[in-house]
Amino acid sequence: MMEALSFFSTSWMSPQLLGLTALGTFLGVYIGAIPGLSVTMAVSILISFTFSWDVNNALCLMTGIFMGGVYGGSRTAILLNIPGAPSAIATALDGYPMALKGEAGEAIGLSTVMSVIGGFVGIVVLAIAAPVVSDFALLFQPRDYLMLGVLGIMLVGSLSGNNLLKGVFAGSFGVLIGTVGLDPLTAEERFTFGVVELWNGISPIAVMIGLFGVSEALTQLHFMDKTAIKQKIDRIIPRWSDVKKYLPLSLQTSTIGVVVGALPGTGGDIAALMAYDHAKRVTKNPEVPFGEGAKEGLIAPEAANNAAVGGAFIPMLTLGIPGDAVTAVFLGALFIHGLNPGPLMLTENPQMFWFTVGNLTLANIFVLIFGLTGIKLFAKIVECPKGVLLPLILLLSVVGAYAINNSIADVWWMLGFGVIGYFMKQYDYPVGPVILGVILSRLMDESWRRSIILERESVPDFFINLLMSPLSLVLFISIMLIVVSKTTLWKQAKGRIFKSAS
Amino acid sequence: MSAPLPRKVGELFFGFIVLAFSVFLFWQAYEISGFSELSSPGSVPMAAAALMVLAACINLLKDLARPTSIDTARSFFRVVLPPIVAIMIAIIFLFGIVLETLGFIISAFIFLLVSIQFLHKKGFIRSFLLSLLALSVIYIIFRLVFSVILPEGLIPERDIMAWIGSQFSSGA
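As they're listed, the protein sequences go chains A and B.
As numbered in my numbering, residues 656 to 1157 make up the first sequence, in order.
As numbered in my numbering, residues 15 to 186 make up the second sequence, in order.
None of these hints come from the bench; they were simulated from the model.
There could be a bad hint or two in this list.
[Unchecked claim] Take a look, some chain B residues computed to stay more than 12 Å from chain A by CB distance:
{"#": "1", "residue": "E25"}
{"#": "2", "residue": "S53"}
{"#": "3", "residue": "L78"}
{"#": "4", "residue": "T82"}
{"#": "5", "residue": "F125"}
{"#": "6", "residue": "V128"}
{"#": "7", "residue": "P165"}
{"#": "8", "residue": "P170"}
{"#": "9", "residue": "E171"}
{"#": "10", "residue": "I174"}
{"#": "11", "residue": "M175"}
{"#": "12", "residue": "I178"}
{"#": "13", "residue": "S180"}
[Stated by the list, open to error] Taking lysine-lysine and the DSS-like style, the derived pairs with C-alpha atoms no more than 30 Å apart in a straight line are:
{"#": "14", "chain 1": "A", "residue 1": "K939", "chain 2": "A", "residue 2": "K756"}
{"#": "15", "chain 1": "B", "residue 1": "K76", "chain 2": "A", "residue 2": "K1080"}
{"#": "16", "chain 1": "A", "residue 1": "K1080", "chain 2": "B", "residue 2": "K135"}
{"#": "17", "chain 1": "A", "residue 1": "K935", "chain 2": "A", "residue 2": "K900"}
{"#": "18", "chain 1": "A", "residue 1": "K1080", "chain 2": "B", "residue 2": "K22"}
Keep in mind the model is a prediction, meaning the values are calculated, not measured.
Ideal Cβ placement from N, Cα and C applies to all residues, glycine included.
Kindly produce the complete structure, drawing on both the sequences and the hints.
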């Protein structure tokens, strides 16, 4: 216990780590707030710069950005009705109407405090649940990992877009990209087309920067003429009575946030929408109707999306399975720093786990500080014109891709995926599952081959043993449920259209 | 779910490309180890490619069932690939081509100047100063603080740095 506490406080004691966490959180709040910049984009670009760093320094900066970014998205949702991040979509529903009524300062203050409360709930649950999950995860068979991977990709595919097929396509594409190069088990060439440079595969970071940096920047070019409307902000520190009044609701929705965040494939965006729905159901007589500036409608998603951060770290650290695109990028960073998140990490590397928990706590405190100050500076930064911002993102993407291996080849991969990602977005193909696929590819490939070798290449045995194990059965049923629910929905909708047409 | 929306311009063509690409990848995945063993290196790539082919096929069929968009081929360049995007893609590819020969400082400066001038449209002097400022900040943060190695090209950056360093050390 004492040991855990000392690991926990590593980043609190060292001025350098403290400074990096503060810097990360600060950057995160602003990156999350600037429309067009996202946490995924920032973390993907930063990985390439930080991988020669000490692990602790890099982790401090990145947890800060993650925590700050999830919160930062709410700022623009409230002020401009443009969610800075997908997890802030629900925040805009009531936050923007509040701003229109001249209550922008109050909305920001309340959302900050509630985000921080949510963040703490997430961290506490992470600290308690991760060791338990990790013990449990030791029971997982290779086939369970395979199914967890499939489940994660499918959930992200079906929830982030509205078309499961396109999600499946994107996820499989990602898995394929991840298999390029020499096979880690037999050293056979896969998709190398005889090119030696491809033996090491395509850098996942180049794919990430391309899909989240360049393709996003190119998409933003469509909206060059959107201008921001300024809002008056006065009082920002929320009233104590308000905080006390809404505390029960924020604790409830934080719980929703942690649970949803911990499921593979679901992150802050879904947690926030579910929390909003919950708030709507439990609030019998809101002072102001929902959608017109109800404080409940602002608090619920804000507490939930920050609680989801802690939740998302549970499967990431204990199973090595990312919950969504942001955690997938983060997981990529951990792999690059030579850490192997998985059930053994907590026993082999407890200092990393407690260090991360301590870091998240610290970052959460910085969110409170930066959230309640610097509003004037904030207004200036958000007004940064897109004509300057987008060239900068593109330049940073190129610098980032080049920095991975000091090679121009990665820049070309990055640009190639940037253009592919742009067209995918144009035709409603989600790009998140691609990254999830790339990150999970190796785990899924090895798990499949290990499990089928264990069954002596017999498919019937594979399924018999799968059905005999309760855990595998649950995972298998979950996957089937997603597939079936999507197809029947599709059929029902088709039937309805048929009726209305005839 | 509501009635199917009309196809976006070029969607069908994109669907065909996606399908052709998936089939090509499946063929490549088959080439790895064929249908030899379930645990062969080609098994997962083949399964993934098969899923891609399947998803692409169904998507294409669904797209075919949707009403045709009223847009003409020309509107592709308005809806999907407006000139502003096409030009930026061209600019950034040119930047990639000259990056190693011209070096980071020169090529990045030209890239910033051209793209800010093109997107921001606020006068040449302003673009020039903005590019200079942005490049200095990026250079200081990434080259000096993060010590990221960037292509040197025409400007003998390392020699200049070493010279500045030696001036300081000899002065002290």
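Separation of P170 (chain B) from chain A, once the least beta-carbon distance is taken, above 12 Å
At about 18 Å from chain A, P170 (chain B) clears the 12 Å cut-off, so the statement holds.
Just checking, L78 (chain B) versus chain A, shortest CB gap more than 12 Å?
holds (14 Å)
For K1080 (chain A) and K22 (chain B), compute the direct alpha-carbon distance and say whether it is at most 30 Å.
holds (12 Å)
Holds or violated: is the Cβ of P165 (chain B) farther than 12 Å from all Cβ atoms of chain A?
violated (7 Å)
For the pair supplied as a hint, K939 (chain A) and K756 (chain A), is the alpha-carbon distance within the 30 Å limit?
Holds, because 23 Å separates the two Cα atoms, which is no more than 30 Å.
Test the statement that E25 (chain B) is away from the interface with chain A: the closest C-beta pair must be farther apart than 12 Å.
Its Cβ does come within 12 Å of chain A, the nearest being 6 Å, so this is violated.
Beyond 12 Å from chain A, beta-carbon-wise, is F125 (chain B)?
Check fails; 6 Å does not lie beyond 12 Å.
Once the closest CB in chain A is found, is it more than 12 Å from V128 (chain B)?
violated (9 Å)
Least C-beta distance from S53 (chain B) to chain A larger than 12 Å
At about 4 Å from chain A, S53 (chain B) fails to clear the 12 Å cut-off, so the statement is violated.
Taking 30 Å as the top limit, are the C-alpha atoms of K1080 (chain A) and K135 (chain B) close enough?
holds (27 Å)
Are all C-beta atoms of chain A more than 12 Å from that of E171 (chain B)?
Given a closest Cβ separation of 14 Å, the condition holds.
The output says I174 (chain B) does not contact chain A. Does that hold with a beta carbon cutoff of 12 Å?
holds (20 Å)
In terms of the numbered hints stated before, the structure departs from hints 1, 2, 5, 6 and 7, listed from lowest to highest.
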